Amino acid sequence: MQKMALPLPSSPALDLIGNDSLQDWEVIGGGGFGQIHKARHLKWRFDVAIKLLHYDDGSSTSLLKEVKNMQKGGSPHVVRILGVYQGCPPSPGRGLSTQLGIVMELMKIGSLATLQASLSGPPPWPLAFRLAHQIALGINFLHNLPQPLLHRDLKPNNVLLDDNLNAKLTDFGLAEVSHSVLKTFREEPGKEGGTLSYMPPEAFESSYEPTRATDIYSYGILLWSIFTGKEPYYADNPHLQSSMVRFRVPEGDRPPLEAVDRDQAGGLGEMVDLMVNCWDQQPSNRPHFLDCLTVTERTYEKHKQSINDVVHQVLLKLEEERMRRQEEERERQKTGLAHLRIVLVGKTGAGKSATGNTILGGEGFKEDSSPESVTAQCEKQSGEVDGRKIDLIDTPGLFDTSVTIEKMKCELERCFYMSVPGPHVFLLVIRLGRFTPEEQNTVKWIQENFGEEASKYTMVLFTGGDQLRKKSVEQFVGESVNLQDLISKCGGGYHSVINDRDSSANPDQVPELLKKIEEMVTRNGGQHYTNEMYQEVQRKIDEEEERKREDERKKKEEEMKKQEEAIRKREEEVRREEEMKRKEELRKIEEERQEERRKMEEERQEERRKMEEERRKTEEERQEERRNIEKERVKMEEERRKRRRRNWFQRVLKL
1 MQKMALPLPS SPALDLIGND SLQDWEVIGG GGFGQIHKAR HLKWRFDVAI KLLHYDDGSS
61 TSLLKEVKNM QKGGSPHVVR ILGVYQGCPP SPGRGLSTQL GIVMELMKIG SLATLQASLS
121 GPPPWPLAFR LAHQIALGIN FLHNLPQPLL HRDLKPNNVL LDDNLNAKLT DFGLAEVSHS
181 VLKTFREEPG KEGGTLSYMP PEAFESSYEP TRATDIYSYG ILLWSIFTGK EPYYADNPHL
241 QSSMVRFRVP EGDRPPLEAV DRDQAGGLGE MVDLMVNCWD QQPSNRPHFL DCLTVTERTY
301 EKHKQSINDV VHQVLLKLEE ERMRRQEEER ERQKTGLAHL RIVLVGKTGA GKSATGNTIL
361 GGEGFKEDSS PESVTAQCEK QSGEVDGRKI DLIDTPGLFD TSVTIEKMKC ELERCFYMSV
421 PGPHVFLLVI RLGRFTPEEQ NTVKWIQENF GEEASKYTMV LFTGGDQLRK KSVEQFVGES
481 VNLQDLISKC GGGYHSVIND RDSSANPDQV PELLKKIEEM VTRNGGQHYT NEMYQEVQRK
541 IDEEEERKRE DERKKKEEEM KKQEEAIRKR EEEVRREEEM KRKEELRKIE EERQEERRKM
601 EEERQEERRK MEEERRKTEE ERQEERRNIE KERVKMEEER RKRRRRNWFQ RVLKL
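Under the UniProt record's numbering, think of the first position of the sequence shown as 1, with each following residue one higher.
Hints are not guaranteed to be accurate.
[To be verified] Below, simulated DSS-like cross-link-like pairs (lysine-lysine); rule was C-alpha separation at most 27 Å, straight line:
1. K588 x K599
2. K38 x K515
3. K317 x K108
[As the list claims (entries may be wrong)] Simulated DEER-style distance windows between Cβ atoms:
4. N482 x Y234: 29 to 35 Å
5. N166 x Q484: 48 to 54 Å
6. R539 x Y234: 51 to 57 Å
If you are wondering where the hints come from, they were derived from the structure by calculation, not from laboratory data.
Computed from a predicted structure; not experimentally measured.
Every residue, glycine too, gets a C-beta built ideally from N, C-alpha and C.
Could you put together the complete structure from these sequences and hints?
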């Protein structure tokens, strides 16, 4: 596996993980930072979590900063980082842009917020006290690093739970290194950040500088949330909640103490006292986390003996909840509501693209504050929300002068191809506060282009819900006859959303919208708007236009025939030329082959001739050598005869 040398001081190289190491991607969460996926690591053979950042110029810096902070946080109660992802995550409708992400250990249970939602309240006291203690251990560890680290965004969503419901801190995107002396609580200046309900009163001052006391305050608010299972300062209207926090918290307001009964469990009274000390108005009066640990450990020890039984009971309840969701999913499959196809329509600037991102919990659609349409053509994004598969089709802005009628109709047809076999709902997106005559005519426009039948498949969706302030959307609609008329033409269905990147701020708005859509689909007999309905409307419109365009069409058809004939002739000529070229090339190739074979044959014959000549010479040399040997033998024989004669004469003479 590759190593990636990131510019992180005093940090080892990290595994660089690409698409070839991952499979079975699944979106499991998201927020303002981007999306969190689950995937299977092929070599490690276990599932991992991948936190992908949105596309922006500071993504790399933000990612490296969080990697650096998480590497420092090497504690049993801090989520472990496993590597850095770089690649193109598989996402329908998304391009091939390379993204960076953090690969972390997967916490299958989810977050503390997930647990609270599943239990519909606080966890049993032994588990609540253990969570409080483990969170304190994690923050205390960060505060006591050689370079102390501030978390700065402590809340239920950033406390993850392992398979045994042990707490681990995550999401260090806002963390800052502290260089203070512990005694004085004076820190290096940092950037303001965090979740509003968990921010201390000093955070709303212009001279705000985060300190360790910032995390201690957030811990106090988090304790209240753990003990009550509720969101602090909750209000149906997010704008009202925001105003209450911004203006009342600096005045000393805190979550209600009466929501926690001090006598419900042993040590709870001491924990409540700690909670109150942590959210003290003055940062210098808040305790150190070492002091917090003394209380949390003592309280947890009182209930430790029953923790295994409690965890087992909670896990059983979570399993029951999971089975219930699976049963709901099966019911959706039976009724055909497990897969919703949604088309976004509305005037330019209404916030269609942002609404699509809010529904899917990501940033697949490009969004921008501009008087001109950001969406020039139909675009489709898909995802899974609350167990449903969602297909979202964004359309160009209605009444956009830069889009011709012909192009708009072409895009509408593309819209149906993208939503085959047809959309369940047209979400008519209207921005609150700018209900113009054009918006009043949108239903008429829909009926003219989609037919009267389309009205019962249309729902009004208001964006900018935070502008309602203290009003409910029902009160707002009740004050406008024009809005009531518009909604009545759409079958009475409407909803409002706040397109905020932090989905945790308004967790119920999308599930409620999907529930209303499902109710509308049920009223429609489980049916969806079909391409046949659209085609029937277009057929009636086209019949009138067809008479006017007949001559022009014939002329164009004739011209096209001429062009096609010219193209055919040219293609025929090109084919003939290419055929001749191929034949000529084949002929040349064959000649070259024959010439090559001839040369090879000549070379073989020459080689045989040379070999024969060599053999002949060798034979002659051998014969010559034999003759020489024979001559030598004859000569030697003659010499022997001469010697014998001499020897004979000598013997005769002696006699």
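Honestly, which of those hints from before does the structure not fit?
none
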